Each structure stands twice: as C-alpha cells, then as structure tokens.
Amino acid sequence: MQTNVCIVTGGSRGIGLATALRFANSHRLVIAARGTERLDDAKAKVEAAGGLCTAVVADVSTADGAKRVVEHAVEAGPLDLLVNNAGTATLAPIDETTDEDFQRSLATNVGGVFHMTRAVWPFMRARKSGVIVNVSSVASIDPFPGFSIYGGCKAWVNTFTKAVAEEGRPLGIRVFAVAPGAVETELLRSRFPDFPADQALDPDDVAAAIQAVCDRRLKHATGQIIFVRK
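As numbered in the numbering used here, residues 1 to 230 make up the sequence shown, in order.
These aren't lab readings, by the way, just hints derived from the structure by calculation. None of the values given here were measured: they were computed from a predicted structure. Hints are not guaranteed to be accurate.
Just the calculated beta-carbon pair ranges, DEER-fashion [as the list claims (entries may be wrong)]:
#: 1; residue 1: Arg169; residue 2: Thr98; range: 22 to 28 Å
#: 2; residue 1: Asp215; residue 2: Ile141; range: 37 to 43 Å
#: 3; residue 1: Arg127; residue 2: Glu37; range: 33 to 39 Å
#: 4; residue 1: Asp101; residue 2: Lys128; range: 38 to 44 Å
#: 5; residue 1: Asp198; residue 2: Pro93; range: 41 to 47 Å
#: 6; residue 1: Pro196; residue 2: Arg127; range: 41 to 47 Å
#: 7; residue 1: Asn25; residue 2: Gln199; range: 28 to 34 Å
Positions of the beta carbon are idealized from the N, C-alpha and C atoms, including for glycine.
Please put together the full structure from these sequences, using the hints given.
What follows is the structure in structure tokens.
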C-alpha cells in the first residue's frame, strides 16, 4: 500500500511521466506541470497502473508554485521523494539568444530546482529522511552548439546537487542528479528532428536510473551525478 509521497515536477509527459509510472506501486504520486489537459491524462495513466495520484497545475519556477505543490504533497502523506524534472531547452547561437530565452531557461531549469528543493527541505529534515533527484543532462559537460544557456543551467544543477547533498548528509536527506543524453521526447524532436532514433534513450531508461538511486540500500550514497547515455 502506498503511504509515502513522491513529487515529480514536469510530470505530464516524457521523463516525468515515465518516472511517475515507475513509482506508481510504491508511493503516492503528486505530479506537477503547467498544462491541465496533459496533466489529467498523466494522472489517469498513473492510476491505471495502480497508483494513487494527485495532479497539481503549478509553475514551479516560482516560489509560490513550488509551495503549492509541496502543500498538496504533505497533505497526501509523509514526503519521501522529490524528482526535479521540469525543464526547458533553448537552442540558439549565443548572439541570437534573447533576454526572454535566457530568463525562461534560468527560471525553469535553475529556479524550479531551487524553489522545489527549498520547499521540501523542512519536511524531509523533520523526518530525518528523504531523497531528491535532479534531472540534469549530458549537456552540462558536453553541450551541443547552441546549448550554451541550457548546458550552463544544467551545470549549475550538478553543482547545486553536490552542495545540497553535503548539507543533507547529516540530516538523512540524500541528493543526486541523473544526467541523460538524448532522450526520445517531444522536446528532442522539436529541437533535433533528425536525431537518429537508435541513439536516443527511452524515457523509461532515465526513470529507471532515478528509481535506482532512490533505493534505500544506498543509504550512505549521496551527491553523485549519474550519467545515462547510449
């Protein structure tokens, strides 16, 4: 029976949905995204897989949005896991990258991780237990041309992961980053329509890595960046 709660941001599709399905039989799910229709579809899929799921329409790039998601989670049960998956990818040469591109990428890829982590921290600290997994990217160390903003944001995620993991170590809070290469998602196809399908990961490949680092047998492991690529 699911009692502990897992939050997945960007949970309506791609890696987020695959992750929610991975935890459907072990946790109560709280999935968050900005769009209602796809979020409702994702909730139905989690429930069809045997899970209990709450869908929250929220923009986690804001402190208020993150707070609202966490409020729903702690109402559902003990907060055990947070998967910071919400993200966006700007692909453009640096001299064609607009202020809006920069601010949107920073708000979602950096702000979303920060706001959600800060919001769950007091609850995990009180339980002396919890796992946070941040979805990074191979672009954090090996970006495609045009991925300067996205790669830079994901490099921040890696460093933030390591720093927060050290804060969490004496508190029983473990923090990881899972950094995939190309993943077969709408985002990949919208940015790289000709990317070879056989070189792309399935979203569940990434979800499996996220699930693996949450294993309680790894209770003394924290702060690692796990790269997943073909």
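Any of the earlier hints contradicted here, and which numbers?
-> 1, 2, 5
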